[in-house]
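Trainee: Bring the two chains, given one by one in their own frames, into a single complex with the hints.
First to last, the sequence lines map onto chains A and B.
Numbering-wise, this note's numbering puts 85 at position 85 of the first sequence, and it's gapless, one number per residue.
Numbering-wise, this note's numbering puts 395 at position 395 of the second sequence, and it's gapless, one number per residue.
Just so you know, not all the hints are guaranteed correct.
[Stated by the list, open to error] List time: in silico DSS-like cross-link candidates among lysine-lysine, alpha-carbon distance up to 25 Å: (1) B:K802 - A:K35; (2) B:K802 - A:K25; (3) A:K77 - A:K25.
Hints listed in this document are in silico derivations from the structure and should not be mistaken for laboratory results.
Everything numeric in this text was worked out from a predicted model, so none of it was measured.
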Amino acid sequence: MRIIAVTACPTGIAHTYMAAEQLEKTARQLGHQIKVETQGAMGIENELSVEDIRAAELAIFAADIAVQKRERFDNLKVIEVGVQEAIKNPAALFSRLAK
Amino acid sequence: MMEITFTFPLANGLHARPASLLQEVCQRFAAAIRFHNGRNRRRADARSVLELVASGTAAGDPCCLEISGPDEKAAGQALRAFLLRVLPHADDNLPPPVSASGQKVWLPPLFQNGAVRILPGRALAPGIGSARAVRLQKARILPRRFAAGKRDVKKELQLFREGCRELESDLRKKAASLQDPNAAGIMRAHLGIISDPGFRNRIIELIAKKQKPAGVAIGETVAHFARSLRRSQSVYLRERVDDLQDLATQLGEKLYGRSAARPWRPSSKSGVVMAAALTPSELLTLDRRRLRGLVLGGVGLTSHTAILARSFHIPAVSLPQQALEKIKSAEELIVDGQRGLVCVKPDPALKRYYRLEEMKLRLRSRQLARLKNEAARSADGRKLAIAANIGSTAELGPAWKNGAEGIGLFRSETLFLERATPPGEDEQFAVYSEAARSGKGRPVIIRTLDIGGDKRLPYLPLPQEENPFLGYRAVRFYAEQPELIKCQLRAILRAARHGSLKIMVPMVTVLEEVRLVRRLLDAAAAELRERKISHAERMEVGIMVETPAAAFFLDQLGREADFFSIGSNDLLQYFLAADRGNARLGDLYEPLHPAFLRLLFQVADQARKAKRWLGMCGEMAGDPAFLPLLLGLGLDELSMASGQIPGVKTRLRQLKSDECRQLLQRAMQCANSQEVSEMLRDFNNRFLDADVIAPELIRLDTPSRTPDEAIKELCDLLELGGRVEDAHALEEVVWRREQVYATDLGFGFAIPHGKAATVRASSIAFLRPRRPFQWLGKNMAPVRGVLLIAVPATAKGEEHLKLIARLSRRLMHEDFREALLSARDTDSVLTVLRQCLRGS
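So that you can see chain B by itself, here it is in the shape it has in the complex (with noise of 0.2 Å):
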C-alpha cells in the first residue's frame, strides 16, 4: 500500500467538479484508493463523487489518499501529478459571486415612503428585472408514494437499472447540447452523481437485500447523503443537497412517468419565477426568452442554480421563506440582483429609479465588450498586453471572450497526465494547432513539459526524491527523454503555420539548458524535413525565470533565450524558501516582500538591458491590486485566469505608468511587506485622472424630477466614468449629508456631495432637468441645476480640493449660475465650469 498525503487547496471544498475530476483519475486504476480527511475522520472510496463529497473536507484540511493494488504505483503517480496540477486550478473559472455580505442595505429614500413592499434578502445574481410573479408548480417528493412491502427485487433492480441509462443518455445529451461551459459542467457533475459507485450500490443494496422498491430506495439513499452533506462546514456543499435531490426527483420521472411538476412555458408574456426552491434541471426547463428575473427561497450563492442564472444573465434574489410567501402570483415586481432585493407592486418613482439602474448596467456592459476589443494599455498610453493562462483547449474560449491579448501560458504537461501512455505526435499536434488558430494571429506560449519528481507519469520512469521540488524535474531531464521532447516539440513546429506559437522551457537554472532545448528543437525540425512535413521554420524560444538563479542571470540567458516570462509563484517559493502549501508559514509566502520586489525590479532591469521581452504568468499577474507595481516593473505582458482579464484591463486604464515606476521605488523601501501593502491600498485608493470634470459627467435635459433620480443619474455617471468604484455607496454617502440638512441653496441650484472610500478620483457631475423640480425644502424655488461633488475619503490638502472650494465659492454668483443654466450644450457647460477652475 502506498500513501499520500497532501493539504485541500480549494477554496470552496471538495465539492461535485473537484470530486469528479479526482474520481476520473481513479478510475484509470484498478487499485483500490481511499481518501482519508484527517480533520473530520471521514473516509471515502475516491471512485465515488457522493462519497467525497460527503466527507465534507474543506480549505486546508489534511487529506490523505492510501492506495493499493497491483498498479499501486501507476496510480500513486498519476494521482500525485493530479494534486499538484491539476486540483488547485480546478476552481479557476468559476463565476464569481455578488456580495455575499448579507449585510442591511442601505436605501435611497424613495424606497422607504411606505408606498412599496420592499422585501430584503440575498443577490444570486446581478441585474435587474421586472414582470409580473409567476408561481412555479413543485414537483412532489416521489418515493412517498409507494408503500414499502415484499417486491418483486428483480424486476424493481431492472426499473433502477433501465432508469439510470434513460437518465444518464439524457443528462450526457444536455451536457453536449448546452454552449454555456458552467452549465455543461453542471451537467457533467450530475451525470457524475448518477453513476457514482457509492450512490449506486447503496441503492441496489437496499432493493436486493431489504426488498424496498426502487423509489424508496433512491429516497433513503439521497437522504442519506443529504444528511452528510447538511453537516459539512462548507455552505458550498450543503447547497449540494438541492443537486441531489434534483437527480432523484429525474430519476422518479423516468421509473415512474412524469410527475406533477409542470415547468413554466409561458404562452407570450414574460415573467419573474418564484419558487421556494429550484434545482438546476428545473431551471433548464424554463423559457429563458421570457423570464426577467428569479426570485428563490433557500437557495445559497454557490449552488448550480445559482451558477446557472449567472451564466444566463437572469437576474436572481434569495428570499427567505416567509418573505417569499408574502409574493402573490400575477403582482408585480422588480428584481434588484444589486442590491440584492425584490420591490413588489413598485410606484412610477420607483420605476423610474430602475430604469435608470437599468440604463447604467446596459451602459456598463457596453463598455466592458468594448474594453474586451482594445489594446490594453495605461492612463498615458503604456502598452501592457493582457494574456490567459490555460490549461487545455476547452479553455481558450473564455479566454477569448474575456478579451485576452494572446496565451501567455498554455500549461502543455495537462495532455500527458493520466494516461499510461504519452500522447503521440498527431494527438499533440491536433491540440496545439487548435489553439494556434483559434489566436487568429494573437500569441500562443505553450509551456513544454513541466514534470519530474512531484508530478510523476507511469511512462517517465523518474527516481523517488527526497525533495522533489528542488529535484530531477522540468527541462533537467529532457537529455535523458529525448524523444518525449522531440516528439512534443515537432508537434509545436508543425501547428506553428497554423498561428504565431512559441515555446517557454521551464525551470531553467544554467546556460546550457537552453542550448539543449534549441539542440532538440533543431533535431525535431530535420526529422520533419526528412519526413516531408511542413513545419515552421523559425521558432521563438523563451524560457520561465522562476529559479533565483535565472533571475540573476538573464545577461547570459537572453544569448539563448528570445523571452523571459516570470513565474512567480515558483520563483516566489525558491525565493523565500516557503513553500506556499504550508499553513505554519503563515504570511511569510508573501509577494509584498520588498526583497521580492527588489529581485522582480533587477529582473525587468536585466531583460531592458538584454532588450528581451518579458512577461509575468504567475497568480501575482491577476490581481488587479498589484497591478500598479507591475506596471512599473515595465513588463511587457500579464497572463493570468481568463475571468481576471476585464478588471484588470480596466484597472489598467487608470493607471499612469510614471507614478507606478515612483511607487515601485518607494515599495522597495518598505521594511516589510505590511507598509508595501498600506503604502499600495492608498495607492490604489488615490485619484488617478488629472480632470474634476470632463464631458461624460455632464448630462442636460434628463427626465429626473425627484431628488432621489437626479443623485442616482449623477452617482451613476460617476461610476460609468471610472471615478467611483460603486455608485450606490457614493449614493449612500450622499444622501447622508442630505440628511444633516439639504443642500439646496435656495438659487434654483443644489449641490448634493460626498466624501467616501468608494471614490477613486475627485470628480464633480452636473445635471441639468428637463423640468424644475423641488428638493428636499419645502419653500424653496425648484432646482434647475445639480451638481454633485465626489470627494475621496483619503483626500487631504490636495489641488482638486482647492478647485472644488474655488467651484463652491463661484456659485454664489449669480452670473456664474445663469452661465450654467443657460449653457446651450455640454461642450458649454464644460467651458464655463473649466473657466471656473482655471480661475478665469
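In isolation and in its complexed conformation, chain A is listed as follows (with noise of 0.2 Å):
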C-alpha cells in the first residue's frame, strides 16, 4: 500500500519523530510504501507534495494537535490517531489499515 502520513504533537521536541520513526520502521516491516511529514518545533518537515498525496491511498494523522494545511488532504481516506498510538501499538494501527 502506498500510505502517506503527518505526525505533531504539543511541544514538538519528541514525540513528533518518534511517532514518525515508528510509523516508518513498521510500514518497512509490513512492506508498505510511506512518506510521513512532521509537524514539529522545526516547522513542516519533510513536506508532502501533491504528488505524494494524490499517488497515496491512505492519510495516517497521528497527532495530538491540529494538523496544519489539512486542507491538503480533503479527498483521501484519513485515520486520525494519537501520537502515544503510533509508538506504542504501530502494529495495532497497521492492521487497523488493512480493514
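Mentor: Now the structure itself:
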C-alpha cells in the first residue's frame, strides 16, 4: 500500500519524531510504502507534495494537536490517532488500515 | 541659612544605615541641620536617625537640608560631598533578597498527595533545613507592668541613663565581636537609635515633664516612632519597627532586670526555631550550631532579622500568623528557603526529594567557591579580569571573599570627606598600604582625589559654581593644590612597596593634566628620597576615561598614561548631556543607546592601537546582562561592587568572545536602545554551548525511585551544568507536559521534556535508576532509563533541535535503547549518545 502520514505533538520536540520513526519502521516491515511529514518545533519537515498525496491510497494523522494545511488531504481517506498510539502500538494501527 | 536640595537616591528609602551615616556627618558641626521631605512635607532633625527614618523618605523623593549656624558653610560642603559620594553607595553591599515575588509557587505532584502538610509562605533566607520544631519563648512587653503614677523624677532619669549606658556598651562589644559585616552593621544601627537625640529627648521629656516611669516613657516613645514608621510607604521602613521593639525590650531588661524571655539553648539536639516575631538581638542569642532553620511570622524580607539569617546561612521562611500557630512543638519540619514554604511531618518520599535539593545546593556552593579562585575567562578562554570597586578598607574583605582579582577603583576621596583638615601622609599611607598588603600581589588601583565644585571640603577653598559638574573639579584643581596632591602621591609611593598599587587620574580632558600628575609624582618621589624614606621607584599612572574629549583622544593621552579605565557613569552623563539624577529625563540616561556603544567601541579600538590596558569601573560593568557587549569590546578588566562579582564571573564562562563581538557590531547598528535591549535579551537567552550532552549530565545507578525524584535529579543536573537557570522552573514545565500524557514510552524508557525560558542551552540529561520503578502509567513496564530533554523557549529551527529529533527517532530502535541501558559507565553512555547525535 502507498501510505502518507503526518505526525504532530504539543511541544514538537520528541513525540513527533518518535511517531514518524515508528510509522516508517513498521510500514517497512509490513512491506508498505510510506512518507511521513513531521510538524514539530522546527516547522513542517519532509513536506508531502501534491504528487505524494495524489499517489497515496491512505493517510494517517498521528497527532495530538491540529494538523496544519489539512485541506491538502480533503479527497483522501484519513485515519486519525493520537501520537502515543503510533508509538506504542504501531502494529495494531496498521492492521486497522487493512480493513 | 543655607539649603541643599537633592533627590533621594536609594531604592530601600532612608533606612537606619544611610540615616546613621547622615547623622554622623551632621554631628561634626555645630550648625542646626533640618531635613525636609518635599513629597510628604515631613521634617526631621538630621542628627536624629529615628526622626530621619520616620520621615518615610522613599527613592526619588525631593529632599532638602536646611543648615544654619556659625559653621554652616563647612557643614554644607561636607554634606554636599556626602550626598554625592557616600549616600548613593550606602546600600551597595546589602545582601540581595531572595525571590520577593510572593507569587503562588508551583509544586511537584509529590507535594500534593495529601500525606504531608505544606504551609506556603515567603522565603527570607535560602537553603533547606530540617529538624524538630522548637517554639521560642517570647519576652513580655515590659512597660505594661508599670502603672503610671507619681514617681521620683530624678531616680527615674538616673535609671534610664544608666540603662542606656549599659546597653550602649553591650552593643558596642557585640558590634566589635561579630565577624560578619552585616551583623556588625546592624548592631551599629541599633547603637545609633539608642543614642539618637530624638529618641532620648522624647523619653527624658516624658519622665521629667509628665512624671512617667522610665519604662512607660520608653514604651510610649517606641510606640510614637513605630506609628510613623508603620505609616511609611516603604516596606523596608515599616520593618524597622522590629528594631525599635528589640531595643525597647533590651533597654527594659537593663532597667528592670531579666525579662521573661528564655533564649533557646538546646542541650544537644538541633532544631528549627519558630517565633511569631524574632528581633535581631534574639536571633543572635540562639545557638547557631544547632539552629537548622527559622520559621517566623510577619517578618519581612528586608528586616534585619532576615538579613542576619542570610548572612549566617540559616534557611528562613515567614508564614502567615494562623499557619504558624498550626505547627506544634517537636513536630518534624522541613524549612524550604528556596521555594518559601514549610513541610510539616514530611513522608519518606518528600525527605528523599529534599535530600536531592540539599545535595544540589551543596554542589552549587562548592562550584561558586571554586569559581572564586579561578581566573575569570570566557567559554573560549578569553581573559577578562573581574575586580571590585571600594571606598574604604572595610570593603577589602568582602571584595576578596567574592573572588575579586584586583581592586579596579579605590575611591580615595572618602578619606578626605567629612573632616576639618585633610588626612596626613602617614594616615593615608596606613590606608593605602593596608589595601596593598591585603591584595597579596593583586593590583589595587587608587584614584587620586576626585573632589570639587559639587563636593567641597572645608580645607579646600574652591569657588561656588553655577554648574559644578562642568566646573573646577578633580585633576583640574591639582595645579593650584600641589601640596595636597603631592602628600597623597607620597603616601601611595610609600605604600606601593607593600603590594601592587597603581594611580588613576580622574576627569582628564587634556594631555597637560597627565603630565602635571607625572611631574607631581616625580616631585613627591624626590621629596621622599630627600627624607630617605623608602618608596616604589616606578608607578603606573592611568587615567579615567570619563569625558567625551578623553574618549576621542586616547592615542595622544596614551603617550603619558600607562592604562585607561572607562568611568561609564560620568562618561554616559557627559556624552548624552543627561543628568542621571534628573527623573524628568526618564530613559534618556541609557547605557544601551547605540551611540554610546559606538563611543565605547571607539575607545576600545583606540586603546588597542595605543597598546594600552583598558578597564571599566562604572555601574555598567557590574550588570551580567550587559556582559556580552563588554566582552565584545575586548576590555581587559571590569570593576564592580563586590556582591556582583560571582554572577558576572559565572556568566562570563558561558560567553564566547567572537559571538559577542558580532553582537556588539549589530547592536551598534540599532536605531534605539529598545532594539539593543531586545537583541541583548535574545542573545542572553540563547544557547551558548556547543554540545547537547556532556558527562556531567549523566548519572547512573541513582537511588531515585519515583518520577518526582528522577525529574528533579535531571533538572538539577542541568542547573549544575549551567544549562538551566532555575531547575524548579524547568521541573514545572516538564511536569505540565507530563500531565498532558505521560512520556513513558512503554519500553522501560521515559523521556520527560520541556521547552522553557529558563533553559539557556538545548540539552539532554540521562539517568539510570539503581532499581527500575513505575512511571505514571499503571500497566506499564517499570522504567530503567530516563532521558530528559530541555529546549529554550525561543529555540526555532536551530541545529540542536535536529539533533534531538534524531535522538528521539533512534529511541524507537531496541538496539539503541539496549545500548543505553547496558552501557557500563558514564563514558560508554556518552559514546552511545554521541554516536547517535552524529548520525552514525
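Trainee: For each hint, tell me whether it holds in the structure or not.
Mentor: Quick rundown of the hints versus the structure:
For the proposed pair K802 of chain B and K35 of chain A, the alpha carbon gap of about 18 Å is at most 25 Å, so the pair holds. The suggested pairing of K802 of chain B with K25 of chain A holds, with an alpha-carbon distance near 19 Å, which does not exceed 25 Å. Simply put, K77 of chain A and K25 of chain A have alpha-carbon atoms about 22 Å apart, close enough for the 25 Å limit, and the pair holds.
Against the hints set out earlier in the document, no violation occurs for any number.
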